[in-house]
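Q: Below, each chain spelled out in residue letters.
There are 2 protein chains.
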Amino acid sequence: MNLIVLQKHDFISPNRVRLSGRQLEHITKVHRAAPGQQLRVGLLDGQIGSGEIVTLDEKCVELEVALAIDPPQPLPLTLILALPRPKMLKRVIQHLTALGVKKLVLINSYRVEKSYWQTPWLQEDKLFEQCLLGLEQAVDTQMPEILLRKRFKPFVEDELPSLSSDSRKLVAHPVGGTACPVDIKQPTTLAIGPEGGFISYEVEKLQEAGFQSVHLGPRILRVETALPVLISRLFPAF
Amino acid sequence: MNLIVLQKHDFISPNRVRLSGRQLEHITKVHRAAPGQQLRVGLLDGQIGSGEIVTLDEKCVELEVALAIDPPQPLPLTLILALPRPKMLKRVIQHLTALGVKKLVLINSYRVEKSYWQTPWLQEDKLFEQCLLGLEQAVDTQMPEILLRKRFKPFVEDELPSLSSDSRKLVAHPVGGTACPVDIKQPTTLAIGPEGGFISYEVEKLQEAGFQSVHLGPRILRVETALPVLISRLFPAF
Chain Y
6 MNLIVLQKHD
16 FISPNRVRLS
26 GRQLEHITKV
36 HRAAPGQQLR
46 VGLLDGQIGS
56 GEIVTLDEKC
66 VELEVALAID
76 PPQPLPLTLI
86 LALPRPKMLK
96 RVIQHLTALG
106 VKKLVLINSY
116 RVEKSYWQTP
126 WLQEDKLFEQ
136 CLLGLEQAVD
146 TQMPEILLRK
156 RFKPFVEDEL
166 PSLSSDSRKL
176 VAHPVGGTAC
186 PVDIKQPTTL
196 AIGPEGGFIS
206 YEVEKLQEAG
216 FQSVHLGPRI
226 LRVETALPVL
236 ISRLFPAF
Chain D
6 MNLIVLQKHD
16 FISPNRVRLS
26 GRQLEHITKV
36 HRAAPGQQLR
46 VGLLDGQIGS
56 GEIVTLDEKC
66 VELEVALAID
76 PPQPLPLTLI
86 LALPRPKMLK
96 RVIQHLTALG
106 VKKLVLINSY
116 RVEKSYWQTP
126 WLQEDKLFEQ
136 CLLGLEQAVD
146 TQMPEILLRK
156 RFKPFVEDEL
166 PSLSSDSRKL
176 VAHPVGGTAC
186 PVDIKQPTTL
196 AIGPEGGFIS
206 YEVEKLQEAG
216 FQSVHLGPRI
226 LRVETALPVL
236 ISRLFPAF
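Chains Y and D, in that order, are what the protein sequence lines are.
Numbering of the first sequence is given in the numbering used here, commencing with residue 6 and proceeding in unit increments.
Numbering of the second sequence is given in the numbering used here, commencing with residue 6 and proceeding in unit increments.
Please note: incorrect hints may appear among the correct ones.
[What the hints assert, rightly or not] Which residues of chain D face chain Y? A few of them, derived with a C-beta cut under 8 Å, are:
1. 183
2. 184
3. 222
[To be verified] Label pairs and their in silico Cβ distance ranges:
4. D:188 to Y:64: 23 to 33 Å
5. D:7 to Y:74: 12 to 22 Å
6. Y:64 to D:192: 54 to 64 Å
7. Y:115 to D:7: 14 to 24 Å
8. D:159 to Y:54: 37 to 47 Å
9. D:115 to Y:41: 25 to 35 Å
10. Y:51 to D:25: 54 to 64 Å
11. D:192 to Y:192: 30 to 40 Å
These are computed hints drawn from the structure, not numbers from a lab.
In this text, all values refer to a predicted model and were calculated from it rather than measured experimentally.
Idealized CB from N, CA, C, for every residue including glycine.
Input sequences plus hints: build the corresponding full structure.
A: See the structure below:
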């Protein structure tokens, strides 16, 4: 937890928050903090600054808060990702949030097992929790937006064109295509398939929607490795 | 398993291998292969090609092998990494191998807990196993070399200068320093600290050894996210 993320309901007066639970535990056990100490805090979807501990006991901590700095720049990226298996989903959401992805669409694909859509980790509060962990890690406050789209074809045909308009459109696919560009500095929509990749039909549908097929070279990477590699390659200086 | 990695002891004649265990299981259960079928194979530290199934039963499979293609290029990188916690170590070794790292030195650091060095996952056969999984994933055959160095100061003072000679020397450190360069196309030695980072003394020792401190911007990333991000940023086109 490199940032204590404050939510509106934490405020008990304009500049004072009261925290308990996981954040209190972190402040007492990891920071071993005492009244007077300054901690890095940020308001969810707002600015970052510092909070001075005013009172602290085993039930709650109160901080006097001053916010002054904007959060890091969001990536100019909309990520379209075939739903990963539940075990990987949590980690992927945290990593992507930490990397600065602000718009994520989890879609179905032929090689996504139907059962994956049943995982409780797709519930709104669970996704929020994983995103929060990513923001706390990366010292960011801007909550990503996550959309779930369980039907591939209607999504690609009806929704993707407006979602990806005015952006560069890429689909990561290990077979064929051109080498993934480097440092492109422009708004991008990037589609990434499941383990085993999109099937040909899906790549064709994406190509019909204007997506260019790009690869990462001869190595085949797991989705969780490919994601940071692709993001860093497209936007190395973010 | 995108590649079946053959070892010398698998060969029963110059062009024929006999496999059992995990590889047999993969061939029967995932490939659902039958005699006559071609599978992608590669010789450990050698070339990649194809293997045709000659015989197959519940105990073993025999393949007639033809090797023709060189494995992917290794990264021109020596990675000096503070020993991650055991839970993360396996994943990190697999990811780094899949990314093409061929030389990895796991070192001690002030913020590495002493107990981490006791994990059975540091045994030679266990490290080999994790590297093999990375090679199978990435369709590579070149086994990385992994060194363990339990004492920071003697390593940095006595061994690192020759290990890093004729290479660009970088230490990833979130505080101070300059932005990590992009697409540098030159042999590089990169040092990465533990969760929480190197302490100032350690950064200074590395700087004395010629290492330049570089950061990834305002976001603080977990080591397992920072590794692919750094590697992709330094060598996007590998």
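Q: Tell me, in ascending order, the numbers of any earlier hints that this structure violates.
A: The structure conflicts with hints 1, 4, 5, although it agrees with all the remaining ones.
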